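2 protein chains.
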Amino acid sequence: MNVFDNGIALESAGDRRLRGRTVPEWANMVGPFGGITAATMVRAIELQPDVLGLPVAVTVNYLAPIVDGAFDVDARVVRTNRSNQHWTVELAQDGDVKATATAVFGVRRDSWSDTEPAPPPAPAPEDVPLRPGFLDVTWLQNYDVRFVDGAAPVPGDGESESSTTTLWVRGNPPWPLDFASLTAVCDIFYPRVFLRRGGFVPAGTISFTVYFHADEAQLAEQGDDYLLGTARAQRFSAGHFDQSAQIWGRAGTLLATTHQMVYFKG
Amino acid sequence: MNVFDNGIALESAGDRRLRGRTVPEWANMVGPFGGITAATMVRAIELQPDVLGLPVAVTVNYLAPIVDGAFDVDARVVRTNRSNQHWTVELAQDGDVKATATAVFGVRRDSWSDTEPAPPPAPAPEDVPLRPGFLDVTWLQNYDVRFVDGAAPVPGDGESESSTTTLWVRGNPPWPLDFASLTAVCDIFYPRVFLRRGGFVPAGTISFTVYFHADEAQLAEQGDDYLLGTARAQRFSAGHFDQSAQIWGRAGTLLATTHQMVYFKG
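Taken in sequence, the protein lines are chains A and B. Heads up: the first sequence begins at 1 in the working numbering, then just goes up one per residue. Heads up: the second sequence begins at 1 in the working numbering, then just goes up one per residue.
Treat the hints with care, as some may be off.
[Said to hold, decoys possible] Label pairs and their computed distance ranges (CB to CB):
| hint | chain 1 | residue 1 | chain 2 | residue 2 | range |
| --- | --- | --- | --- | --- | --- |
| 1 | B | Gly69 | A | Arg76 | 40 to 50 Å |
| 2 | B | Asp215 | A | Arg76 | 27 to 37 Å |
| 3 | A | Asp157 | B | Leu130 | 44 to 54 Å |
| 4 | B | Glu159 | A | Val107 | 22 to 32 Å |
| 5 | B | Gln48 | A | Ala124 | 12 to 22 Å |
| 6 | B | Ser83 | A | Val67 | 14 to 24 Å |
[Said to hold, decoys possible] Computed from the model, here is a short list of chain A residues facing chain B with C-beta under 8 Å:
| hint | residue |
| --- | --- |
| 7 | Thr59 |
| 8 | Asn172 |
| 9 | Arg250 |
[Unchecked claim] Covered by chain A, according to a simulated footprint, are these stretches of chain B (three or more residues, beta-carbon under 8 Å):
| hint | segment |
| --- | --- |
| 10 | 52-59 |
| 11 | 69-82 |
| 12 | 242-250 |
| 13 | 254-265 |
Keep in mind the hints are simulated off the structure, nothing from the lab. Remember, predicted model here, so these are calculated numbers, not experimental data. Each residue gets a CB set at the ideal place from its N, CA and C atoms; glycine is no exception.
Based on the provided sequences and hints, a complete structural model is requested.
Encoded structure:
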């Protein structure tokens with residue numbers, strides 16, 4: 001089992017309840033990487049026997065740090081329509097809710113299609129040097145991140161006028177793309193306030209949304225290749241900021257768009 | 001009571017339950033305008049006696065059409081932290097859940113602040129002619145909408161290469177801005193697929209997120225003046241598309257950023 005699938009592994013704990021546990025490989029500064037928590041909640045729905053279709057939209061709210069050890073994930077179908085299904089999910093430790101999610105799964109149908117923005121300009125990932133981030137967090141070692149623009153600041157970099165980061169990313173070592181691992185990659189971008197301020201400030205995502213544009217075939221096409229991501233913030237105010245991002249396949253398929261609201265001090 | 005506050009009016013129905021009802025003024029093609037439903041769910045939290053702080057992020061999922069008549073709104077505190085509070089909300093009719101929401105409320109603190117994007121260029125609203133939209137829906141009559149760019153298509157307009165709409169909007173007649181009415185305005189943009197395809201296709205929002213950047217003083221500054229909104233889509237595929245928007249005050253304050261995933265046929 002690859003490091004990603006091991007990180008989101010769940011076993012049945014009766015009825016709809018699933019049981020997971022933190023693993024040291026995905027540790028963040030406090031608790032696990034938020035992307036792995038979100039991916040675990042998506043996987044918890046995918047594992048339900050009556051799931052309809054594929055992920056379309058998911059929002060995860062982070063309520064409190066997950067402590068090392070076991071957790072329960074309860075997924076509840078709120079409504080099943082003809083072509084979509086609405087879920088709520090809670091992740092708890094000893095009955096204490098640490099994260100909630102809502103998700104819409106749905107059947108994908110043929111339709112008119114178009115992608116409006118272009119992928120950000122970027123050299124091939126093989127031509128972009130690896131540059132270790134300044135964040136010495138364990139989970140980042142599971143990703144091969146190559147910054148095209150807006151690298152994580154290191155001492156001496158100073159403030160930046162732009163919050164934009166563009167990067168190539170894949171697993172280290174690589175693992176194949178699926179909806180759960182795409183969910184996690186949507187949270188690969190370090191907090192935009194670090195880039196603007198030129199260094200670390202306390203920050204944490206409070207609400208995280210992913211819109212899934214790709215179908216299973218488009219995910220399979222990516223294999224375990226690099227994905228191209230670009231993220232930026234819009235407004236920083238009163239201890240919060242938003243950041244929005246796109247995740248592209250190497251051949252220019254927009255796989256997901258994602259948004260989050262982040263708490264910060266500073 | 002102004003038409004907006006009347007549209008989201010709630011009365012206590014015991015414990016945390018609140019009771020509302022649809023009003024004819026906010027009717028959409030099927031059920032009420034999605035923005036008024038989202039605003040009602042925000043208001044349901046604001047009315048709780050133990051609410052902490054102000055709205056920071058809210059996500060509303062639309063499960064099924066709300067039929068004309070009464071509905072119940074149940075708001076549940078999932079967790080209260082030192083400076084924020086996490087809520088889940090369900091809106092139901094006869095026990096049948098029609099919409100769910102998660103929300104983060106929080107205390108705003110002084111912090112470093114910046115707004116990165118500029119507002120879209122636009123002449124003053126008084127210099128932009130009123131142009132009735134092609135959508136003959138009742139609720140739109142509650143807004144004075146002046147399209148700067150990307151007006152709702154009318155027969156003969158044909159397809160557009162851009163999904164961007166920029167508009168001025170205020171109540172008709174005007175009402176003051178608060179968090180609930182800002183929530184509703186975030187859903188003012190007609191489905192982007194109409195603009196791209198040059199006409200109506202069946203479409204409906206399935207998940208709707210608002211990030212609140214303004215505080216109470218910044219909302220109060222707007223009074224009942226026009227707000228400037230701009231929206232665009234990123235990808236249309238397999239019967240769904242996303243759209244993202246910004247809502248600006250007339251003096252250039254970014255009040256909210258908002259995102260939604262929309263189902264469409266065509």
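Hint by hint, here is what the structure shows:
1. B:Gly69 x A:Arg76: 40 to 50 Å: 26 Å, violated
2. B:Asp215 x A:Arg76: 27 to 37 Å: At roughly 35 Å between Cβ atoms, arginine 76 (chain A) and aspartate 215 (chain B) fall inside 27 to 37 Å, so the hint holds.
3. A:Asp157 x B:Leu130: 44 to 54 Å: 50 Å, holds
4. B:Glu159 x A:Val107: 22 to 32 Å: 26 Å, holds
5. B:Gln48 x A:Ala124: 12 to 22 Å: Violated, at about 53 Å.
6. B:Ser83 x A:Val67: 14 to 24 Å: 20 Å, holds
7. Thr59: Holds. Min distance 4 Å.
8. Asn172: With Cβ-Cβ at 28 Å, over 8 Å, it is violated.
9. Arg250: 17 Å, violated
10. 52-59: Holds: 3 residues of the segment 52-59 of chain B have a Cβ under 8 Å from chain A.
11. 69-82: n = 3 at 8 Å, threshold three: holds.
12. 242-250: holds (count 3)
13. 254-265: holds (count 7)
Comparing the model with each numbered hint stated earlier shows that hints 1, 5, 8 and 9 do not hold.
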